[in-house]
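Trainee: So the chains spell out like this:
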Amino acid sequence: MADGRELGRRLRDRDLTAASGALNLIESRAHDAREQAGALLAEVSPSKLGGEAPAHIVGVTGPPGVGKSSLLSRLVKHWRSQDRTVAVLAVDPSSRRSGGSLLGDRARIETDPKDRGVFIRSTAAGSRLGGLAPATRAAADALAAAFDLVVIETVGVGQSETEIADAADTVAVVIQPASGDVLQFLKAGIMEIPDVLVLTKTDLGAVATRAMADVRAALLALGASSTEVCAVSSVPPAIGIEELARALDAHRGRLDLPERRRQARRRHALENYVVEHGEQGLRALGGRLQAERWLNDQDPDLSVPDLERALTDRAESRG
Amino acid sequence: MAEKPSPRLPEPDRPWLMRTYAGHSDARRSNELYRRNLAKGQTGLSIAFDLPTQTGYDPDHELARGEVGKVGVSIAHRGDMRTLLDAIPLEEMNTSMTINATAAWLLALYIVTAEEHGVAEDQLQGTTQNDILKEYLSRGTYAFPPGPSMRLIADTIAYTVAHIPKWNPINICSYHLQEAGATPVQEIAYAMSNAIAVLDAVRRRVPQDLMGSVFGRISFFVNAGVRFIEEHAKLRAMAALWDELGRERYDVQDEKLRRFRYGVQVNSLGLTEGQPENNVYRIALEALGLPRPWDQQWSLRLQQILAYETDLLEYPDIFDGSKVMDGLVAELLEGSREEMHRVAELGGAVEAVDYMKAALVESHRKRWQRIESGEQIAVGMNKFTSTEPSPLTAGADGGILVVDPEVEAERRAAVDSWRADRDQNAVDEGLRALAEVARQDHENIMPATIAAARAGATTGEWAQTLREAFGEYRAPTGVGEAVAAGSEDLAEVREEVERISEALGRRLKFLVGKPGLDGHSNGAEQIAVRARDAGMDVVYEGIRLTPSQIATSAAQEGVHIVGLSILSGSHRELIPAVMEALREAGAEDVPVVVGGIIPEADAVSLREAGIAAVYTPKDWNLNGMMRDIISLVAERHGVQSAVGA
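In order, the protein sequence lines correspond to chains A and B.
Sequence positions in the first sequence follow my numbering and run 747 to 1065.
Sequence positions in the second sequence follow my numbering and run 8 to 652.
It should be emphasised that the hints constitute simulated quantities derived from the structure, not laboratory data.
One should not assume that every hint holds.
[Claimed, not checked] Residues from chain A that face chain B, not an exhaustive set, calculated with beta carbons under 10 angstroms:
#1 767
#2 771
#3 811
Bear in mind that the values here come from a model prediction, so they are computed numbers and not experimental data.
Where a beta carbon is used, it is the ideal one built from N, C-alpha and C, also for glycine.
Just chain A, with the same shape it has in the complex (with noise of 0.2 angstroms):
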């Protein structure tokens, strides 16, 4: 078994190759993998730290085919370009009934392998329609202590920027021309506002100038003023990449980073709490608002599995 302190410590000292051992452990779901997640984890904590993990989480979603791979490649060369390291979380949506799943995502996103500065791995959404994989809030926390940058990437609409924006300190929504059931869905208020839009194949024409207009009117309507929209074009020669790079720096210059992180780690904690023990548990806390309210309470530093552990023994001390 891998030692999850030393991996832990490896990230803090921004050891990059301890990304995949790390990983391993906190996807396991093997009792004393999961101890030694919770060592790591602890490591990687603002309080360890001393702050928040200093990369910047990207949450980047949208349908499928709408080109956020070759999206990511041309990102992913940017940021390189300027000596920041990045790791991708791909989360693949095909899972199938039997358990397995197909993982080809990490192919679409051109890098040169022998580049010790990106990391990618991939992982399969498991049964959660449009989610997150259960293990990739807690990847992207123990990331963001080594990288740079640390990228989730999911396929979907509607449900699956929710919970990245859970995960994510900025997230971008990634849409082509002619994707009009987004921009219904954005209206309708199934999807939330991204913090940043980014409308791919801007080298159709017309086409994409029509599409730029669209976008801009539903966010005028919804009164997403904040919301940046970039317009970018992933084919030679590339176009708006730059331009997007800097609109995600400035979304997340104008962030309470701490108050956001701190905010995400409560609601982690919490669910991964009722997944473990139900509706039963929670009632041991006096109710989601009650528990909500206690950790609000708590030291704002203290890591996901630090803050269920204190959710469990407070529940045995009311019990």
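Dock chain B against the given chain A, drawing on the hints supplied.
Mentor: Showing chain B alone in chain A's frame:
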């Protein structure tokens, strides 16, 4: 009294063009082979290029490693083409080139060489295969994205129709679709849809009055499997659809221009590795590996016997008026029209590549399941398997031609000295002009390509210039959409995957990798789909990966086991390279299994080098392979396994 009409032709038909697909190592060795074959009565040339030439890499490129001169001849510049065609009369020769992504370039080299021979381009006869959609769907030697690739095809067609009137600029291949699992209906429908996409692209680039000649120059390359009657009906159905397309869609008035022109190659999907002599009845022509000169002679003599000894050429259409044939053709036509309609609704063949690829993977999966269940019989493989030792594979060469391992080093040095000796300014200027034309969609790529060939540019430089202008592309793998298999046997495997995954703490994760330039992905795709159906998390990234890409994926993905598939004969170079890369990436503990066309002698040395298992086409039972994989992982992690080797 009127005389009864004779059922015979007034004069026997002319024999067909006889040539064997040939080429290996370098231009000098292949030239010797061609001249020997021509002396034996072969009437044309059919050039096989190696994978780096087919995909646009020079012999010294990283991706060319292990592949130089393997499945065909390595041609990097006009000097190579000159050597390849030395002392061969190009004004008389009919030359077929199996070349696709880089067809415009190889055609340019051929034109420039003819120029040197003093033969004008309008005298040249031959064929460039030049069909990119089937590369995405089956064969894998694509280089550029679909849009620009279709433009290159349209440009070569527009150019040859105007300048080389006897050239067949494209050979639309339904052949490889059947190899990828296509049913007869799929083979017909996808080939015709492909032809429509090509013709529509050309229509935008040539004057309307040339469309008749364009239509008349399109030819097909069709697969003939052992289901003889059905295959024959397929050809008749294709001829009928082609005539209809010419009349209705392209307004071709001249009946002669609407004639369905095709070449046939026998099927190799149905070949078996066990009892290889049985393949002679199945196809008589093809071997599982690079044919030796003697094998090529064997094939040529068969064709000569059919043409000159039998009475085949003395009769017209012997199936004319057959009710069985007409009924079969009608059935195929109905199915094909329906499928063509579906492709058209998706926006045509280019837009429907993903759909067609997934449909082929699915058909192939069903075929495999029929063989595994015994429903479809393959003699010597899943039935009548007891056998005497075969003298065919007993020889020291294992029955196939093995390319001298020195060839690659020779070729690397040769391309280096070519670059050193040429007028670099002329090459730079040629490539600059090419890049400019590539960015102007309305211009024809051929003149700038010919100029670059003349200036001494290399295959890799031509392709790299276009990669920069057009971007790179990865074709769909088609595996994601395949329907899940279900059988009792698989249920047992699945339970074991669950149990082992539980013990490991996370789901058994399996990387299926195809290193090198080999695009034959059937095997890898079927293994990936089956492993998913068995409940594994499968990382499959498609073809053409470098050893370091595979190693990086294995390390970053945290896989429990790696499976490699290689069919181009380059396993001896590539597999040690992958093992080394795995060590460098810190994944040396991950067990590696290998599948492909691997002679037993090589299998022994691979196992000695640490490969956990070697599979060949003899190992057709995929569930058995899954059990091995599970038990290998279990063993490596100290978990008890209930199944396996």
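Trainee: Hints first: check each against the structure and report whether it holds.
Mentor: Structure-based check of each hint:
Annotation: residue 767 (chain A) was flagged as interfacial toward chain B, and the flag holds, the nearest CB pair being 8 angstroms apart, inside 10 angstroms. Hint status for residue 771 (chain A): holds, given a least beta-carbon distance of 9 angstroms to chain B, under 10 angstroms. Among the interface hints, the one on residue 811 (chain A) holds; its C-beta lies about 8 angstroms from the nearest C-beta in chain B, closer than the 10 angstroms criterion.
Consistency note: the structure conflicts with none of the earlier hints.
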